[in-house]
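Novice: Quick note: to get the working numbering, add 67 to the position in the sequence shown (first position is 1).
No lab work stands behind these hints: they were computed from the structure.
Any given hint could turn out to be false.
Label-pair distances were calculated between CB atoms; the ranges are [stated by the list, open to error]:
#, residue 1, residue 2, range
1, Asp200, Ser300, 44 to 50 Å
2, His95, Leu240, 27 to 33 Å
3, Asp98, Glu299, 33 to 39 Å
4, Gly340, Ala102, 36 to 42 Å
5, Glu259, Arg106, 45 to 51 Å
6, Asp260, Ala345, 21 to 27 Å
7, Asp98, Asp209, 41 to 47 Å
From the three backbone atoms N, C-alpha and C, an ideal C-beta is built for every residue, glycine too.
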Amino acid sequence: MTTLTAPFAGRTVSRVGYGALQLQRLHHSRDEAVALLRRAVELGVDHVDTAQFYGFGFANQVIREALRPADDVLVVTKVGADPDPGGPMPLRLAQHPEQLRASVEDNLRSLGVDRLPVVNLRRLDSGPGLRPDRDQVVDLDDQLEVLTALRDEGRIGAIGLSGVTLDGLRRALPAGIACVQNAYSLVSRDDEDMLRLCAAEGIAWVPFFPLGGAFPGLPKATDEPAVHAVAESLGVTPSQVGLAWLLHRSPNVLLIPGTADPAHLEANTAAGGITLDAEALAALDAIESRSAEVPLG
68 MTTLTAPFAG RTVSRVGYGA LQLQRLHHSR DEAVALLRRA VELGVDHVDT AQFYGFGFAN
128 QVIREALRPA DDVLVVTKVG ADPDPGGPMP LRLAQHPEQL RASVEDNLRS LGVDRLPVVN
188 LRRLDSGPGL RPDRDQVVDL DDQLEVLTAL RDEGRIGAIG LSGVTLDGLR RALPAGIACV
248 QNAYSLVSRD DEDMLRLCAA EGIAWVPFFP LGGAFPGLPK ATDEPAVHAV AESLGVTPSQ
308 VGLAWLLHRS PNVLLIPGTA DPAHLEANTA AGGITLDAEA LAALDAIESR SAEVPLG
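Throw the hints in and build the complete structure from the sequences for me.
Specialist: Structure (structure tokens):
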């Protein structure tokens with residue numbers, strides 16, 4: 068069980084959470100998916116990252132069934148894209164204010180709640196993957212206006228940002244930002260300045276692709292000899308070393324590794340208990356950082 072904690076959206080959570088994207092791999096067996104999430108709670112996970120477009124709503128359905136009020140799990144969702152089962156990709160961008168509001172309502176319905184504790188705006192301005200183009204290029208201020216209104220209405224509790232630039236975060240600070248989700252790992256550390264700003268402002272830093280290698284051509288932490296050497300010396304896996312390094316990087320880092328495998332889930336949560344000494348940290352910090360800026364589409 069993880070014991071490291073950090074402030075997040077007005078409460079204190081364990082620093083290792085769970086990302087629900089991989090639940091869609093269990094779409095053939097809802098019972099297995101529910102059992103996996105129940106196991107996460109047993110292991111001390113108390114914040115879960117999700118979106119209505121994960122598995123075309125499957126992840127949210129599983130969360131609704133698996134989590135109980137007594138579990139007191141903070142469910143964080145995101146907007147900025149919608150499911151698109153019939154399209155060339157499984158999702159389509161939905162960046163306009165009216166689309167963001169509709170996505171919030173979709174998440175409320177699928178999760179069966181009347182308030183979303185944290186909603187991340189997936190901006191897609193940085194990191195690997197899609198970029199908004201044509202009619203989906205929307206000013207950040209317009210997006211923050213509708214999210215702030217939804218917060219004032221009590222539909223959401225806090226606002227987060229994802230795929231945002233340093234300038235974008237600075238512009239958004241007056242709105243009150245609870246967390247930032249950007250691609251960041253031991254081997255792709257483009258956002259060091261943003262991480263420092265988040266730490267100074269009391270904003271949780273929640274890296275996605277925490278081990279890198281999300282797309283072909285991107286570096287992977289588990290390919291690094293130094294990572295393997297540290298893992299061998301500690302009797303843990305290279306993946307656990309990559310996650311532990313993130314937790315050591317800054318006290319405001321929260322992790323949301325995803326998996327559909329119970330053993331992998333246990334290994335991920337156990338990373339919160341790994342201590343890296345000065346020698347190990349020096350060896351890991353010396354690994355070259357390569358950019359994660361590989362846009363697709």
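Novice: For every hint, state whether the structure bears it out.
Specialist: The hints, checked one at a time:
1. For aspartate 200 paired with serine 300, a C-beta distance near 47 Å keeps the hint of 44 to 50 Å intact.
2. Taking 27 to 33 Å as the suggested C-beta distance range, the pair histidine 95 and leucine 240 does not conform, at roughly 44 Å.
3. For aspartate 98 paired with glutamate 299, a C-beta distance near 37 Å keeps the hint of 33 to 39 Å intact.
4. Here the CB-CB span from glycine 340 to alanine 102 is close to 23 Å, at odds with the stated 36 to 42 Å.
5. Between glutamate 259 and arginine 106 the CB atoms are about 34 Å apart, so this pair departs from the stated range of 45 to 51 Å.
6. Between aspartate 260 and alanine 345 the C-beta distance comes to about 24 Å, which sits within the given range of 21 to 27 Å.
7. For aspartate 98 and aspartate 209, the Cβ-Cβ distance of about 43 Å falls inside the hinted range of 41 to 47 Å, so the restraint holds.
Violated hints, in rising order: 2, 4, 5; the structure is consistent with all others.
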